[in-house]
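*Asks:* Based on these hints, arrange chain R on the given structure of chain S.
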Amino acid sequence: MKTFWSALRITLVLTFITGIAYPLAVTGFARVFYSGKAAGSFVESGGATVGSELIGQSFRAPRYFWGRPSAIGYNPLPSGGSNLSPVSLALQKQAADNTAAFLAANPGAAGRPVPAEMVFASASGLDPHITPEAALAQVERVAAARGFDSGREKELVSLVASLTERRDLGFLGENRVNVLKLNLSLDQNK
Amino acid sequence: MNVYDIIQVAVFAGLLVLLTPPLGAFMARVFEGERTFLSPVLGWLERLTYRLGGVDPAKEMNWKEYAWAVIIFNLLGLAVVFFIQVFQAHLPLNPNHLGNVEWTSALNTAVSFMTNTNWQGYSGETTLSFFSQMLALAVQNFLSAAYGIAVFLALARGISRKSTDLIGNFWADLVRCTVYVLLPLALIFAFVLVSQGVVQNFSANREITTLEGAKQAIPLGPAASQIAIKQLGTNGGGFFNANSAHPFENPTPLSNFLEMLAILMLPAALVYTYGIMIKDKKHAWVLYAVMLAIWSGGLAVALYSEHDAAARLFHGMSLMEGKETRFGVTNSAIWATATTVASNGSVNAMHSSLSPLAGGMAMFNMHLGEIIFGGVGSGMYGMLFFVLMTVFLAGLMVGRTPEYMGKKIEKREIQMAMIGMLGPGALMLIGAAVACSLPAGLSSLSAKGPHGFSEMLYAYTSAAANNGSAFAGLNANTPFYNLTLAFTMLAGRFVCLLPALAIAGSLAGKKSAPPSAGTFSTGGSMFALLLTSVIIIVGVLTFVPALVLGPVLEHMLMVKGMFLF
Numbered sequence: 059m060k061t062f063w064s065a066l067r068i069t070l071v072l073t074f075i076t077g078i079a080y081p082l083a084v085t086g087f088a089r090v091f092y093s094g095k096a097a098g099s100f101v102e103s104g105g106a107t108v109g110s111e112l113i114g115q116s117f118r119a120p121r122y123f124w125g126r127p128s129a130i131g132y133n134p135l136p137s138g139g140s141n142l143s144p145v146s147l148a149l150q151k152q153a154a155d156n157t158a159a160f161l162a163a164n165p166g167a168a169g170r171p172v173p174a175e176m177v178f179a180s181a182s183g184l185d186p187h188i189t190p191e192a193a194l195a196q197v198e199r200v201a202a203a204r205g206f207d208s209g210r211e212k213e214l215v216s217l218v219a220s221l222t223e224r225r226d227l228g229f230l231g232e233n234r235v236n237v238l239k240l241n242l243s244l245d246q247n248k
Numbered sequence: 039m040n041v042y043d044i045i046q047v048a049v050f051a052g053l054l055v056l057l058t059p060p061l062g063a064f065m066a067r068v069f070e071g072e073r074t075f076l077s078p079v080l081g082w083l084e085r086l087t088y089r090l091g092g093v094d095p096a097k098e099m100n101w102k103e104y105a106w107a108v109i110i111f112n113l114l115g116l117a118v119v120f121f122i123q124v125f126q127a128h129l130p131l132n133p134n135h136l137g138n139v140e141w142t143s144a145l146n147t148a149v150s151f152m153t154n155t156n157w158q159g160y161s162g163e164t165t166l167s168f169f170s171q172m173l174a175l176a177v178q179n180f181l182s183a184a185y186g187i188a189v190f191l192a193l194a195r196g197i198s199r200k201s202t203d204l205i206g207n208f209w210a211d212l213v214r215c216t217v218y219v220l221l222p223l224a225l226i227f228a229f230v231l232v233s234q235g236v237v238q239n240f241s242a243n244r245e246i247t248t249l250e251g252a253k254q255a256i257p258l259g260p261a262a263s264q265i266a267i268k269q270l271g272t273n274g275g276g277f278f279n280a281n282s283a284h285p286f287e288n289p290t291p292l293s294n295f296l297e298m299l300a301i302l303m304l305p306a307a308l309v310y311t312y313g314i315m316i317k318d319k320k321h322a323w324v325l326y327a328v329m330l331a332i333w334s335g336g337l338a339v340a341l342y343s344e345h346d347a348a349a350r351l352f353h354g355m356s357l358m359e360g361k362e363t364r365f366g367v368t369n370s371a372i373w374a375t376a377t378t379v380a381s382n383g384s385v386n387a388m389h390s391s392l393s394p395l396a397g398g399m400a401m402f403n404m405h406l407g408e409i410i411f412g413g414v415g416s417g418m419y420g421m422l423f424f425v426l427m428t429v430f431l432a433g434l435m436v437g438r439t440p441e442y443m444g445k446k447i448e449k450r451e452i453q454m455a456m457i458g459m460l461g462p463g464a465l466m467l468i469g470a471a472v473a474c475s476l477p478a479g480l481s482s483l484s485a486k487g488p489h490g491f492s493e494m495l496y497a498y499t500s501a502a503a504n505n506g507s508a509f510a511g512l513n514a515n516t517p518f519y520n521l522t523l524a525f526t527m528l529a530g531r532f533v534c535l536l537p538a539l540a541i542a543g544s545l546a547g548k549k550s551a552p553p554s555a556g557t558f559s560t561g562g563s564m565f566a567l568l569l570t571s572v573i574i575i576v577g578v579l580t581f582v583p584a585l586v587l588g589p590v591l592e593h594m595l596m597v598k599g600m601f602l603f
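Top line first, the protein sequences correspond to chains S and R.
Residue numbers for the first sequence follow this note's numbering, beginning at 59 and rising by one.
Residue numbers for the second sequence follow this note's numbering, beginning at 39 and rising by one.
Source of the hints: derived by calculation from the structure; they are not laboratory data.
Remember, predicted model here, so these are calculated numbers, not experimental data.
Wrong hints could be hidden among the right ones.
What the hints assert, rightly or not - Pairs of lysine-lysine residues, derived as DSSO-like cross-links and limited to a Cα-Cα distance of at most 30 Å, are as follows:
# : chain 1 : residue 1 : chain 2 : residue 2
1 : R       : Lys449    : R       : Lys548
2 : R       : Lys548    : S       : Lys151
3 : R       : Lys200    : S       : Lys60
4 : R       : Lys598    : S       : Lys151
5 : R       : Lys549    : R       : Lys446
What the hints assert, rightly or not - Per the computed footprint, the stretches of chain R lying under chain S, defined by three or more beta-carbons under 8 Å from a beta-carbon of chain S, are:
# : stretch
6 : 227-234
7 : 356-364
8 : 465-474
9 : 548-559
Unchecked claim - Just the calculated beta-carbon pair ranges, DEER-fashion:
#  : chain 1 : residue 1 : chain 2 : residue 2 : range
10 : R       : Thr74     : S       : Trp63     : 26 to 34 Å
11 : S       : Ala148    : R       : Pro130    : 40 to 48 Å
12 : S       : Trp63     : R       : Ala96     : 16 to 24 Å
Beta carbons: idealized from backbone N, C-alpha and C, even for Gly.
The following block holds chain R by itself, in its conformation from the complex:
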């Protein structure tokens, strides 16, 4: 660690916090349908979309209607992405004449992008045509982010409204989020990325002769437009196989800084948006502080581990395996923690080659449920499960009916929150357990021992948490992994999303009581401490046994200087 490392971490965190209030306030206005400075510019596009779509944005839905709209919209998106891939050889914009994608891989990718996971079993530059990248994947990058935010908005309305069954119009939420938030930000960001050297063209691979006379075929394509939204929408799916480690995806330290900021910018701002929507900014800042603290703690572990491992393993030589010269160790560690607390999953270094505890931290961040800022929308509704649980526990301790924002928290809310909290964890552990007991799971491993186990645990963790990053030594493009991970991603998405909507419906129907002297305050340090404890304890109790078999064991072997494999 030198002074530059410290400055970079500080500037990153500082800018993230500074951007939160203006962006959060802007989004709150957009999502409530109020006028913003963009209304004169883009209002026509919003209205045109409603008209062409044949929907009435003012007609609100109850939670079941809202959930059906989400499900049907997603099934359609899934079908579109699947069929574009399996027929891509017959579609335009395929200058490298890539063949149709094999169906299990296409299904995996379709589920992956529809669920905002962006797990990639394939290599972009050798598998997908530009048509597939643009019209299948980039579109889902926008839409999966937008519907994640929509579900969060529905839940926020359920909490702030009283005695109604209406929680908003899904189409209005989806369109406003896309038109006013994601599209303008992505446009600006893509322009900046191009200025740094990210490619944006429709050319076939360009074959050149190197200075030493070797042939090199360099893949190109419309990358900047896709990378902008994959960072902003917590998607993370790379245009190229090496993701944001590829010099065409992330050419300079400046592009790297902005791409890192884009990972957490919207999820962080949505916390502020939430504060405005429920008219309790203090509570929102408490949630924000908890998130910032847990992220910083994870980053500290990752940075310490990288430097400690370098000293133990290679006589202090920096651990540059799987890292890029222009970013160095610190930027790789910041990114690894940011991309896994959020459900982004893009990488600028190979997580498989991180030091054991840094790789373990990336996994544990996902194990916590990606609620530390988290995915766009999904991070906030995931965090609210933990908030409800904390309120419930506090109520049990003092023997009062738990309340949150004036609403009584009862059996149904807690049941739903439990499903949302524990569902992804079950999918992660069961998935990894199945994979490591079947030959089809084990034959894809590239490493033996604890690292091999980590490859499998990471894959199912990443899939169930809708993250998408990988210990990429695992050959995941096999029918076994394509199908089981597709199921895990789909289940992981909806096991959180549907309970969130159910809670929204149930809370919206309740009366709200003003706080009394006995109400447990959700706006102070006591609540922050309790919430942090609940998050960490649930994560630790669920995952420590698995982590011990993977990264912790690997760390202990390293400390003992034992190299078994």
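With the rest of the complex left out, here is chain S:
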């Protein structure tokens, strides 16, 4: 019985420390030093919040760069992937369909390998990034949809390059481009 009361009291004390004091301390720190990031890295454009830098959104218009296929249609409630086995007919079909759709939308990308991120759905369904190669493969389509001449098309290429985030510390992860940021800067430099 004494063990029971000790257990109960210790549980309450440790619950207060780890369940209330600790998360509040982290929240306080986050508010003070990283308020924007702690709040969700939201980005504004023209006075309206247009999304979170970290949460991918669906782009289907030719005038925008497209992100990755998403098993949840970029609806974050809840996040998740397809969970399809790579050795399944379903994924074979999906990959073939996505490849064909990408080539149909980007005829200029024919003849080069289709970037894997444009074919396969991400783990979270909310991947905000694609590789620089996947962005470059879409430049021709975006330029055409926006009525750019070849000079401005070249600017798009350098825009992709300037927005490419390199591997962290030079070696961690992969080079990537944030699709929402890329599209926002497209809209801003009309």
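*Replies:* Okay, now just chain R, sitting in the frame of chain S:
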């Protein structure tokens, strides 16, 4: 594989090894109640906890008292987590007005977090209020890790002490571990995660209009504080459904690297702590080397499989299904092996979409008993079952009474070690067998054929090994899976934990003899080789038939280019 892949693996393993001695030595001082640099800062908190808890940290317990304290403490924790969930609609910090959790799901989650499994049948962002996440789940993330370490400490004391029945005070072990190890590390780590973009707030879902004019409701919450401890405490339960693949849980390659390191950091350092406690660092390094070797072997298989499958299936296009652009294939493979050798279970890629042998390797890592670094505390006491078995086999071979650290290893120790070694395996195989013979088990599958079988085998493997990762195509939020997996998690935890304490009690009471010329050395390559063989042979003999029906068959179908389903 390119040069960056190799550098990332090398830096990861190198940093893990470098961190081991300082962290292991620090923990040894903390657990022996000695002063450390944190004593002036946090000593008051430790003493206050004892006073408010009404316990005397100096009063040691025998193994039965220790076990009762663990059990009662856990039943209370279980009740708290269960009742918070089923009443969450009436509790504060619920800005999205989520309803009470259905009882089988709440029970499953309560068992899951109490046993350090963090299996999740639910989706965090659509099921649990912030109150439930913080006061139910995050608290258990700390406490289940701390009591795992406590049990390991009791066993280490049983091995190093002689002619006593006392193996330490559970409350002191629990509180010291929480206050001096988990809490400071989690605080620092949470700060770093916030700096990378992990969210930490109490806001309701934020609805925005996208550039193309669609509505998107973005879930938020106190994620950073929870993710820090779920990585450090080998818990693994995600704040969001996609776990550490979610950009709010793991926004950058740097956060990913640190989260991966956090999975193995404490379990690895505890091996060193063990070496200090038993005053035989050489033996500890042998155990460490065995662990590192088996983990590396598994990683090599996983990496090979990912690249091989990509070449066979999609003309060399990287296998990015269920993976995030910022991490790529290599980081997903490192994580998949780290999270399954340890009992973490968090994921940064969907294991169900891994190539067959990489997914199989994740399963086999758990089948080995999660003793390759393993869960915090539970990895070491699980490994010690295998160590005792190896010593016993070596003794049989040369016809001498087996000894470990000067203690005679006799019938009782071996019986207990056998229960701890084989118990989880029995739960995994029986659980999967039951599920695949009942309509209630089969109706949750999302795949047919070998992959469907893998979904079930993975679920019971993950539950019995207290891992928590999943082949997430399985719809596990049904009464059948919630209840059977809850039983499997509970049994899997205690079928190892109680034998560990029993061995602690039995060894503590023995006399210790100095090593003689005939003593089998546990500090050399011969022992390492023998131990590795025992681990692999037990794993292979127990699980190969099941693995053949799942990932191996799937791999063979892939090689033949046959797509049946």
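*Asks:* Please write out, lowest number first, the hints stated earlier that are contradicted by the structure.
*Replies:* 2, 8, 9
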